[in-house]
Every structure is written in C-alpha cells, then in structure tokens.
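Let the hints inform the model, and build the full structure from the sequences given.
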Amino acid sequence: MAGAGGGGCPAGGNDLQWCFSQVKGAVDEDVAEADIISTVEFNYSGDLLATGDKGGRVVIFQREQENKSRPHSRGEYNVYSTFQSHEPEFDYLKSLEIEEKINKIRWLPQQNAAHFLLSTNDKTIKLWKISERDKRAEGYNLKDEDGRLRDPFRITALRVPILKPMDLMVEASPRRIFANAHTYHINSISVNSDHETYLSADDLRINLWHLEITDRSFNIVDIKPANMEELTEVITAAELHPLQCNVFVYSSSKGTVRLCDMRASALCDRHAKFFEEPEDPSSRSFFSEIISSISDVKFSHSGRYMMTRDYLSVKVWDLNMESRPVETHQVHEYLRGKLCSLYENDCVFDKFECCWNGPDSAIMTGSYNNFFRMFDRNTRRDVTLEASRESSRPRASLKPRRVCPGGRRKKDEISVDSLDFNKKILHTAWHPADNVIAVAATNNLYIFQDKVN
Amino acid sequence: MEVQKEAQRIMTLSVWKMYHSRMQRGGLRLHRSLQLSLIMRSAREVYLSAKVEAHEEPGVPSQPACSLDPRLHPPREAQTRVEAALSDSEQLCPEPMDTQEAPRAEESPARCAPRPAKISRKRRSSSLANSGDAGLVPSKKARLEEEGAEEGESSEISNRLQPPPAQAEGAFPNLARVLQRRFSGLLNCSPAVPPTVPPPPACEAKPVCRRADSMLNVLVRAVVAF
Chain A
1 MAGAGGGGCP
11 AGGNDLQWCF
21 SQVKGAVDED
31 VAEADIISTV
41 EFNYSGDLLA
51 TGDKGGRVVI
61 FQREQENKSR
71 PHSRGEYNVY
81 STFQSHEPEF
91 DYLKSLEIEE
101 KINKIRWLPQ
111 QNAAHFLLST
121 NDKTIKLWKI
131 SERDKRAEGY
141 NLKDEDGRLR
151 DPFRITALRV
161 PILKPMDLMV
171 EASPRRIFAN
181 AHTYHINSIS
191 VNSDHETYLS
201 ADDLRINLWH
211 LEITDRSFNI
221 VDIKPANMEE
231 LTEVITAAEL
241 HPLQCNVFVY
251 SSSKGTVRLC
261 DMRASALCDR
271 HAKFFEEPED
281 PSSRSFFSEI
291 ISSISDVKFS
301 HSGRYMMTRD
311 YLSVKVWDLN
321 MESRPVETHQ
331 VHEYLRGKLC
341 SLYENDCVFD
351 KFECCWNGPD
361 SAIMTGSYNN
371 FFRMFDRNTR
381 RDVTLEASRE
391 SSRPRASLKP
401 RRVCPGGRRK
411 KDEISVDSLD
421 FNKKILHTAW
431 HPADNVIAVA
441 ATNNLYIFQD
451 KVN
Chain B
1 MEVQKEAQRI
11 MTLSVWKMYH
21 SRMQRGGLRL
31 HRSLQLSLIM
41 RSAREVYLSA
51 KVEAHEEPGV
61 PSQPACSLDP
71 RLHPPREAQT
81 RVEAALSDSE
91 QLCPEPMDTQ
101 EAPRAEESPA
111 RCAPRPAKIS
121 RKRRSSSLAN
131 SGDAGLVPSK
141 KARLEEEGAE
151 EGESSEISNR
161 LQPPPAQAEG
171 AFPNLARVLQ
181 RRFSGLLNCS
191 PAVPPTVPPP
201 PACEAKPVCR
211 RADSMLNVLV
221 RAVVAF
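If you read the sequences in order, they're chains A and B.
Its first residue numbered 1, the first sequence is counted upward by one per residue in the UniProt record's numbering.
Its first residue numbered 1, the second sequence is counted upward by one per residue in the UniProt record's numbering.
Do not rely on the hints blindly, as some may be mistaken.
[Stated by the list, open to error] Lysine-lysine pairs mimicking DSS-like chemistry, simulated, CA-CA at most 30 Å apart: (1) B:K5 / A:K54; (2) A:K338 / B:K5; (3) A:K54 / B:K17; (4) B:K5 / A:K94; (5) A:K24 / B:K5; (6) A:K451 / A:K423; (7) B:K17 / A:K94; (8) A:K351 / B:K17; (9) A:K224 / A:K164; (10) A:K126 / A:K224; (11) B:K17 / A:K338; (12) B:K5 / A:K224; (13) A:K351 / B:K5.
[Said to hold, decoys possible] To give a feel for the contact side, a few chain B residues facing chain A, derived at Cβ under 8 Å: (14) L13; (15) R22; (16) R25; (17) R29; (18) L30; (19) H31; (20) L34; (21) Q35; (22) I39; (23) S42; (24) A54.
Rather than coming from a laboratory, the hints here were simulated on the basis of the structure.
All residues carry an ideal CB built from backbone N, CA and C; glycine is no exception.
Okay, here's the thing in structure tokens:
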C-alpha cells in the first residue's frame with residue numbers, strides 16, 4: 001500500500017481534489033530554530049487555528065467570513081493573535097535549562113465570547129484567555145485619559161464614564177499557570193468532556209487537574225518503578241475520551257495502549273483495557289522497540305475508535321477489540337530497510353502525530369520530504385501529498401506523489417534515496433467539520449482545502 | 001562478521017548519542033535515553049552472539065562455564081541500568097558509587113569468571129582485585145606515571161577506568177561511569193578472552209576488530225574526559 005494512491009484524494013468516502021489555499025511563514029532557506037512549528041490545533045468550531053513553535057510563541061489564525069464576491073473561495077485564515085506563551089527558564093536545583101518550546105496546544109470548548117486554550121512546554125501548562133476589545137472606557141473621575149491620578153482638589157463634579165469605540169484589539173492573557181507537577185517532560189495535555197478538568201502526561205506520570213485550581217493536581221497514573229534501573233517503558237501520549245469523562249487512554253514506548261476508567265479507582269495504575277498487537281518475529285531488528293513506540297494516540301470524534309501512530313504505520317483500533325487493530329495503514333514502509341541510516345541521523349526518534357477528519361472516515365499523518373498521507377477508511381484508498389511552495393499557486397491542485405520502494409523507478413516516482421529527511425511533517429490538523437487541513441512543514445504552515453465544485 | 005561490525009557500529013553510535021544527549025537543551029529525555037539503551041542492548045546481544053560464533057568457528061575450545069551467550073544474561077536488566085543511570089535525576093544519591101558500584105562491577109567479572117565470586121559490596125576494591133579484575137575498579141589516584149610505563153590492554157583499561165573528575169559531574173554524574181563500565185566490560189569479557197586462555201585475545205589477531213576497539217576506546221575516553 002505504501003506509495004500507492006489514485007488520482008483523487010480520499011476523505012469521507014468521496015474522492016476529493018485537494019488544492020492549495022494558503023502558506024504562512026517565511027520563505028527563507030535559513031530557518032531559525034525558534035520558528036519551527038511544534039504543534040497545530042483547530043478549535044472546536046474550526047474558526048480558529050493555533051500553532052505553537054519552538055520559540056515558545058503561540059500564533060492564532062482566524063478564518064475570515066465567507067466572501068460573497070468570491071463564492072469559490074472559502075474563508076482564509078489570517079493572523080488573529082500572537083503571544084509569547086512560554087519563556088526559557090532555568091531549574092537551579094537541577095541545573096537544567098527548561099526549553100520554551102510549545103509541546104501541545106488544546107482548545108477549551110467555547111463558553112462565552114472569549115476563547116481559552118491550554119499550552120504547555122516540558123514542565124508548565126498555561127491557560128490562556130484570548131478575548132477581543134473594541135471599546136474603551138473614558139471619563140473616569142479619579143484619573144485622567146492617560147491613566148494618571150487627578151489632583152483631588154481639582155475634581156469639582158462627578159461624571160459617569162462612557163464606553164467609546166476603538167480599533168479592535170485581541171488580547172491574550174494568562175489566566176492560570178499549572179506548574180511544578182511534572183518531574184519529566186510533558187508530552188500530552190487533553191481537555192475533558194466535562195469541560196472542567198484536564199489531564200497532563202509526562203514520561204512516567206499522568207496528572208488530572210481542575211481548570212480553576214493551579215496549586216494541586218491528582219496523580220492518576222504512575223508507572224515509575226521503585227528502582228529506576230527496572231524501567232522498561234515510558235508514557236508517550238495520553239488522551240481523554242471525547243464523550244465519556246471517566247475514560248482515558250495512554251500509549252507506551254512498547255507500542256501498547258492502556259485504557260483506564262477513573263471510576264474504578266482514584267489511581268488508575270490498573271488498566272481496564274490493554275491494546276496490543278502481537279509482534280511479527282520475522283520483522284525483528286535492532287530497531288524493533290524504537291519503531292513500535294507509539295508517538296500519538298487520538299480518539300475518533302465518535303469515541304468508538306482510536307488511532308495510534310508508530311514510526312512506520314498508523315493503526316485504527318476498535319475500543320471493543322484489544323487483540324489487534326481493525327486497520328493498519330503503512331505510512332512509509334519503504335523506510336524499513338533504511339532504519340540504520342535513520343538511526344544515524346536521529347530521524348528514527350521523530351514523533352509523528354495523526355488526526356481524524358470530521359466524520360471519522362479518513363485519517364491523516366505526516367512523513368518525510370514534506371509528504372503527508374491520507375487514508376480513506378471506507379474505500380481503503382490512500383494518497384501521498386506534498387506541502388511545497390512550488391505548487392502554492394492559489395487553488396492549485398495537489399498532485400499525488402509516489403515513492404518508488406526500490407527497483408526500477410517509474411516516471412513521476414521519487415526514489416527513496418532522494419527523499420529529504422530534513423523536511424518532515426510531524427504535525428497536522430483537520431478542520432472539525434470541513435475539508436480544510438493545516439500541515440506544519442518546519443517553519444511553514446500550509447492550509448489546503450478540497451476543491452469546491 | 002558483517003553483522004558483528006554493524007552491531008559494533010550501532011553501539012558506537014549509541015554511545016555518541018548518549019553522550020550528546022547530555023548536552024541537549026532541556027536536559028536528558030527519558031524516552032530517548034530508554035530508546036538508546038534498547039538499541040544498545042539489541043546491538044550488544046547481536047555483537048556478543050556474533051563473537052561467540054566467530055570464536056567457535058576456528059575451533060577454539062569454549063568454556064562451558066563462561067556464560068558468553070547473551071541469552072544467559074538478563075540483558076534488559078543490564079541495559080536498563082545504563083538507562084536508569086542516564087535518566088533518573090531524581091534518584092541521584094550523593095555517592096552513587098557506593099550504592100551502585102558493587103553490583104555493576106560484578107557484572108563484568110561474572111561474565112568471564114568460571115564461577116562468579118561473591119563480592120562484598122563494602123570492600124569492593126579488594127575483592128575485585130582478588131577476583132582478577134582490578135582494572136574495573138576506579139583507582140584512587142590517577143595512574144599517570146604508570147601509563148607511560150605500561151603498554152597494551154592493561155594500561156588502556158586502567159586509563160579508561162579512571163574516575164571522571166568530580167567537577168565534570170553534572171545532573172547525571174554516573175553516565176560516564178556507567179558507559180565506561182559497560183564498554184570496558186564489553187571489551188574485557190569479549191568471548192575471545194576466556195579466563196583460561198592467555199592473551200593475546202582473538203580480536204587482536206583481527207585488525208578490523210582491533211581498529212573498532214580502539215575507536216570505542218577513544219569514545220569512552222571522550223566520555224570520561226567529559
């Protein structure tokens with residue numbers, strides 16, 4: 001299945017033609033480390049798209065209203081707010097620098113006019129409020145227009161302050177800071193369907209927080225062995241169920257997923273379900289443990305399935321069947337023979353994420369050479385697309401790419417040896433309702449959408 | 001031979017990666033350290049079993065009591081020790097050597113000695129010296145003057161095994177020690193050197209292996225120097 005795919009691109013059972021919509025970020029060849037995008041996330045309505053980068057910044061894009069003069073073009077995403085979420089810190093006790101890199105962003109369901117999101121680096125989670133202001137109060141009694149206190153003797157009459165219109169301003173303010181709860185590096189945060197709690201996971205522990213309370217959290221999973229010399233696995237990702245607020249899953253570096261029910265006990269060290277596929281002994285190599293490590297786990301929107309991404313494949317699991325996945329899609333199987341050089345250049349440690357489309361009928365995940373893959377679950381068709389500036393004319397159709405796994409290379413095929421392993425797509429996001437996708441390619445954010453007929 | 005070389009190359013790479021992980025911004029990543037140690041374990045198993053095969057082929061009598069077969073060792077345990085030392089900053093005790101030295105040092109002699117001697121944890125220096133593996137114990141003084149006089153394996157080993165300078169110990173002080181121990185253990189108890197067979201070891205007869213060994217030495221020295 002690797003490298004295959006028809007002319008159309010799968011999504012929702014129908015063959016779609018994906019076309020370029022926008023690209024954000026500098027064109028420069030010389031990419032600053034701080035500009036590399038480290039996470040991408042749509043909010044629940046899909047109107048806002050947040051990215052986080054290695055420089056600790058969060059950039060929020062807002063979808064413009066439909067333009068009636070250009071009915072073909074659906075709303076474009078433009079910068080709505082940019083703010084510095086995390087700064088580099090230094091842990092003086094451990095003599096350790098804490099990077100500002102944003103590891104994950106998760107939106108909270110919208111409750112009022114403001115938007116809230118959680119962002120996290122390796123150690124600290126922050127709750128941000130993003131709100132608009134287009135009016136300001138004028139005519140205070142005790143202070144003048146530029147905020148200085150007025151001389152009380154000169155106040156001779158009382159007046160009622162009035163709201164005056166002003167240019168729209170988007171403010172991002174930190175509302176809560178959840179710190180000092182993780183000894184290891186935070187890899188996941190997930191907001192609960194009760195809208196009140198969320199979990200955060202590091203290499204060995206998962207904590208449950210209340211969104212309002214910053215000075216305490218509940219440890220719900222702890223896999224740290226009493227003797228660290230006996231450590232054999234770490235937690236790689238965790239997510240709460242989209243509908244059942246008592247259920248969450250976490251994946252491990254051994255390629256397994258545990259589903260836990262918080263109703264069973266306060267400490268969920270014992271799982272309710274254990275998802276594991278037996279290993280194929282014929283494909284064992286030096287790197288078996290590494291490539292089976294799960295880099296991302298995502299529940300489907302329906303909550304019936306979950307998807308796991310390991311180094312070479314993406315698997316869909318039915319929550320009712322623990323013994324094996326219901327679907328296994330090869331993402332770049334042609335790399336199996338190149339694992340040694342991928343170990344040399346550290347690529348084998350890359351953590352690819354994955355995402356579902358709105359109706360859970362298609363999944364998407366990244367690969368190398370700025371390629372990303374889509375798999376249609378109904379038709380079992382898959383396609384490889386490329387995020388590149390060369391095809392970044394407005395509404396230009398994305399041409400499916402093919403990688404030649406070896407042997408003779410056909411026309412329009414790319415040989416495995418000519419893939420650029422520095423160009424990797426680790427983070428992608430799919431609009432919750434529409435066929436709009438956001439693909440992070442190093443410091444650029446590509447937005448593609450289906451061609452509207 | 002190809003497999004063995006490949007395994008050795010992967011081990012060398014792993015040491016480099018572990019070494020460089022220390023200087024990574026944000027500190028050591030537990031997941032990465034674990035993965036590196038797993039790869040190193042796999043490579044070590046392959047390396048050792050390939051050596052066993054290479055050793056048995058020329059008809060050199062193998063020592064049944066010498067547990068060269070990697071399957072007889074608990075490799076996971078051994079390697080997770082490396083991992084643990086690498087990653088657990090929480091568990092660092094003021095004197096990690098006191099609690100960890102004895103069992104670790106025991107590994108290497110146990111592998112080669114026909115009957116692994118029971119080693120007292122407290123008097124490890126003397127007991128190790130008695131068990132014929134004094135080279136594995138960090139000497140109290142830097143043996144600078146001996147280095148010039150001694151040539152060959154023994155001086156190399158002692159050189160490799162000098163304790164790293166205390167000021168070089170950062171958040172993960174036992175990394176260097178563990179690495180050097182693992183590798184010196186690996187090299188010392190290579191199947192080509194069963195305790196009853198006198199030197200030169202088989203790897204000296206093979207220039208390819210010799211070169212690789214010295215490369216490892218350089219690496220290990222680099223770690224120690226750090």
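Structure-based check of all given hints:
| no. | hint | verdict |
| --- | --- | --- |
| 1 | B:K5 / A:K54 | violated, 38 Å |
| 2 | A:K338 / B:K5 | holds, 17 Å |
| 3 | A:K54 / B:K17 | holds, 22 Å |
| 4 | B:K5 / A:K94 | violated, 38 Å |
| 5 | A:K24 / B:K5 | violated, 46 Å |
| 6 | A:K451 / A:K423 | holds, 26 Å |
| 7 | B:K17 / A:K94 | holds, 22 Å |
| 8 | A:K351 / B:K17 | holds, 17 Å |
| 9 | A:K224 / A:K164 | violated, 57 Å |
| 10 | A:K126 / A:K224 | holds, 25 Å |
| 11 | B:K17 / A:K338 | holds, 18 Å |
| 12 | B:K5 / A:K224 | violated, 35 Å |
| 13 | A:K351 / B:K5 | holds, 29 Å |
| 14 | L13 | holds, 6 Å |
| 15 | R22 | violated, 11 Å |
| 16 | R25 | holds, 6 Å |
| 17 | R29 | holds, 6 Å |
| 18 | L30 | holds, 4 Å |
| 19 | H31 | holds, 5 Å |
| 20 | L34 | holds, 6 Å |
| 21 | Q35 | holds, 5 Å |
| 22 | I39 | holds, 6 Å |
| 23 | S42 | holds, 4 Å |
| 24 | A54 | violated, 19 Å |
In this structure, the earlier hints numbered 1, 4, 5, 9, 12, 15, 24 are contradicted, and the remaining ones agree with it.
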